[in-house]
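Using the hints, position chain R against chain G.
Line by line, the protein sequences are chains G and R. So in the working numbering, the last spot in the first sequence is 254, and the numbers never skip. So in the working numbering, the last spot in the second sequence is 803, and the numbers never skip.
Calculated directly from the structure, the hints in this document are not laboratory data. The model shown is predicted, which means the values in this text are computed figures rather than measured ones. Wrong hints could be hidden among the right ones.
[Stated by the list, open to error] Which residues of chain G face chain R? A few of them, derived with a C-beta cut under 7 Å, are:
| # | residue |
| --- | --- |
| 1 | G48 |
| 2 | L61 |
| 3 | R83 |
| 4 | D85 |
| 5 | L102 |
| 6 | P114 |
| 7 | N184 |
All C-beta atoms in this analysis are idealised placements derived from N, C-alpha and C, irrespective of residue type, glycine included.
The primary structure of each chain is shown beneath.
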Amino acid sequence: MTETAPAILRVRDLRKNYRSGETTLEVLRGVDFDLATGEFVSIVGQSGSGKSTLLHLMGLLDAADAGSIELDGTRIDGLSSSRRDRLRNTAVGMVFQSYHLLPELDALENVLAPLMVRHGVIEWLRVRHQARDTARALLDRFGLGGRLRHKPRQLSGGEMQRVAIARALVTRPRVLLADEPTGNLDEATGAGILDTLCELNRADGLSIVLVTHDAAVARRADRIVRLAAGRVDDAPLSSDEAGQARHAARRKAG
Amino acid sequence: MYKLLLCWRYLRTRWIALASIVSVTLGVATMIVVNAVMAGFSHEMQTRIHGILSDLVFESHSLSGFQDPQWHMDEIKRAAGDDIVGMTPTVAVPAMLNFQVRGQWITRQIMLIGIDEATHAQVSDFGRYLQHPANRGQLSFGLRDGGYDTIDSQSDTKAVTRPALEGAGWPHRRMRVERERVWREKLEADRRAGVDAGAAESGPARSVDQQVNAVLAATAADAAAPSADQAADQAAADPAAAGKPADPFRQARPEEGTKMDPAREQFTGIVPGIGLASFRDNAGTDRFLVLPGDDVKITFPTAGTPPKAVSDTFTVVDFYESKMSEYDSNFVFVPIASLQRMRGMIDPQSGLASVNSIQIKLREGADLDRVRDTLRKVFPADLYAVSTWRDKQGPLLAAVDMEMSVLNILLFLIIAVAGFGILAIFFMIVVEKTRDIGILKSLGASAGGIGGIFLGYGLFLGIVGAGAGLALGLSIAWNINSIRAGVEWCTGERVFDPSIYYFYRIPSIVHPFTVLWIIVGAVGIAVGSSVLPALRAARLHPVEALRHD
Chain G
1 MTETAPAILR VRDLRKNYRS GETTLEVLRG VDFDLATGEF VSIVGQSGSG KSTLLHLMGL
61 LDAADAGSIE LDGTRIDGLS SSRRDRLRNT AVGMVFQSYH LLPELDALEN VLAPLMVRHG
121 VIEWLRVRHQ ARDTARALLD RFGLGGRLRH KPRQLSGGEM QRVAIARALV TRPRVLLADE
181 PTGNLDEATG AGILDTLCEL NRADGLSIVL VTHDAAVARR ADRIVRLAAG RVDDAPLSSD
241 EAGQARHAAR RKAG
Chain R
255 MYKLLLCWRY LRTRWIALAS IVSVTLGVAT MIVVNAVMAG FSHEMQTRIH GILSDLVFES
315 HSLSGFQDPQ WHMDEIKRAA GDDIVGMTPT VAVPAMLNFQ VRGQWITRQI MLIGIDEATH
375 AQVSDFGRYL QHPANRGQLS FGLRDGGYDT IDSQSDTKAV TRPALEGAGW PHRRMRVERE
435 RVWREKLEAD RRAGVDAGAA ESGPARSVDQ QVNAVLAATA ADAAAPSADQ AADQAAADPA
495 AAGKPADPFR QARPEEGTKM DPAREQFTGI VPGIGLASFR DNAGTDRFLV LPGDDVKITF
555 PTAGTPPKAV SDTFTVVDFY ESKMSEYDSN FVFVPIASLQ RMRGMIDPQS GLASVNSIQI
615 KLREGADLDR VRDTLRKVFP ADLYAVSTWR DKQGPLLAAV DMEMSVLNIL LFLIIAVAGF
675 GILAIFFMIV VEKTRDIGIL KSLGASAGGI GGIFLGYGLF LGIVGAGAGL ALGLSIAWNI
735 NSIRAGVEWC TGERVFDPSI YYFYRIPSIV HPFTVLWIIV GAVGIAVGSS VLPALRAARL
795 HPVEALRHD
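Next comes chain G alone, as it looks inside the complex:
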């Protein structure tokens, strides 16, 4: 696992168990994973392989039982909850399968939500114009310039997911973590979302981790990591997958 670009995420021997009564379910049993700056990596695996758990641990939504996670060379596991809250707000952007937009807020407010969380009321009054411009620019870029005042229930699935991506990006995160972003979408719409992600990776150099169980989706990434039974499966990729990955890398270089 040597990369020329410095690793923005470095996961070592990560373990996570879920206890329910007497039985303990080992979800992650020592995962090692690196994400280079500007890299687009897919994590694939079957249901229950621990890929979502890994993503939640990297997104600071949960605490690991053992092992370490470094973001930009700094350990981010075992932090106090207030520092984890702040890192979640500033360094990581997350996109989910079911969009997770706040139903009471319109598209623009949903995008602004992370910035509202960051700033207190007084501070917000000072920065709100700038924040609104940023959010509007992002939504414009994703083709939602005309739907700023629409509530989530008035938007289509693809539109909701693009609002969710805009919300993840409005904080200018170091890493975008996407958990099955196309899972609830039809093929064409899903492809559009993936195009958006590829475009962000290529044009903005955004580091992206995409979790999916769909091999076709995974192939859009630079590299595919396979999780099986709580560990990274080092078995060689099928030629098809490898070819696709190379193809993607070439396209990116070109």
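Only chain R this time, still in chain G's reference frame:
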């Protein structure tokens, strides 16, 4: 910032939560109304008590009282100085009031109070409570020619509730005397004719009435027509009316041996409390057993040792109505000099009279308790008792205060019950919003921030509920009498019976401080009951919250 925004959005989109604060609203409104009315009653009562009692009462422990009130008043003046603006001596003794209604003797237990007619009205609101307009200006124990109020002078309404007082005074007295004379003549005639007395009594009752009417009609429109302008009429009517009945009356009651002509003269005047002589019927009209102009007998103890009961005859000249039934059905006022004479309270050697107590009025704003304590230091406590009007009515005032606090506790429990409603609904909202909470946490919201949303939500609801309650409560408290009239009109039932309270309107006083406490308490309960749901929301695990459907 997101907290405010989300609180606001939840408030606007979740009207069900507003249902939970309806009980807060009702509780707050009820508390405001109840407190206003209770404060109104309490204030009304205090004003009346204070109006009856003077600021300070200086009294002896014994019924015989102390001698030389003038010396005592000078001493009081010397001790308390500038604070005193008025003083009047009184004599108070327990006594019995007897009067005859349709041949039946009615006896009432009373407190007989001798007052100085010249100065008594200066120390209390005594004058305000009398029924004759002239007596309200300056009390006189002489019977008036008429002109007693047939309305309640203390109420706003101009409805005639006391038609019986129309003919009260000298006209009534003359009519009564004439009636008695005719009745006696009839009896005499019957006896002379050898008719059995029992048969006579039942038989001629009607004819006596007719006879009286005939006689009164015969003596022209003078004595028998008291309804006209009394003062002017009476001057002309007096000699005519007096001439006829004077002679036969003396014949009829030779055993009295007095040279007094009851149609022209009166006994010592008294002012009994209105409750002693009247009652209010269902229609709201006062019916009188005794009218100004009637004679009554009072039995009271003398000042000697041991006290002996003596009786004397008095003439009712007015009624006293403080609207405190305790006083109105207990007090009878007589001129102090007469009472002192009758009770033997005047020292035959020195000529000095004794009194029971001295009523003292202090200047506006004087510290009652301080003056009381000053006087207590000057006068030995084993001989004299000095008390403020509050001390005198301490238990009553304390009872009202206690009633109010108990009521407040009970009503506050209603709002506390509303708190549990808020608790339940908030738990539901937290469950419903679990995913949103997870989303906010994934965006970096802290546990405190999430809890803050729900606390703020509770605060908003509390403010809205208490604010609505405030508006409702104040509008009811300020318009309670129109509301009462409306309810009475709708249901046809009397909601507020003036005959019980002797008030014609429901008093209501809104104390801003009380209202403030009620609001603070209600909002506090709303916030307090959102603490548990807020804690639960704050402690939700982000991953599990996100998975929640």
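Checked hints:
Look at G:G48: its Cβ only gets to about 14 Å from chain R, farther than 7 Å, so that hint breaks. Using the Cβ-Cβ criterion of 7 Å, the hint placing G:L61 at the interface with chain R is satisfied: the shortest such distance is roughly 5 Å. Interface restraint check for G:R83: the shortest CB-CB distance to chain R comes to about 10 Å, outside 7 Å, so the restraint is violated. The restraint placing G:D85 at the interface with chain R holds, with a minimum CB-CB distance near 5 Å, inside the 7 Å limit.
Using the Cβ-Cβ criterion of 7 Å, the hint placing G:L102 at the interface with chain R is satisfied: the shortest such distance is roughly 6 Å. Residue-level restraint check for G:P114 holds (minimum Cβ-Cβ distance to chain R is 5 Å; threshold 7 Å). For the restraint placing G:N184 at the interface with chain R, the shortest Cβ-Cβ distance is roughly 13 Å, beyond the 7 Å limit, so the hint is violated.
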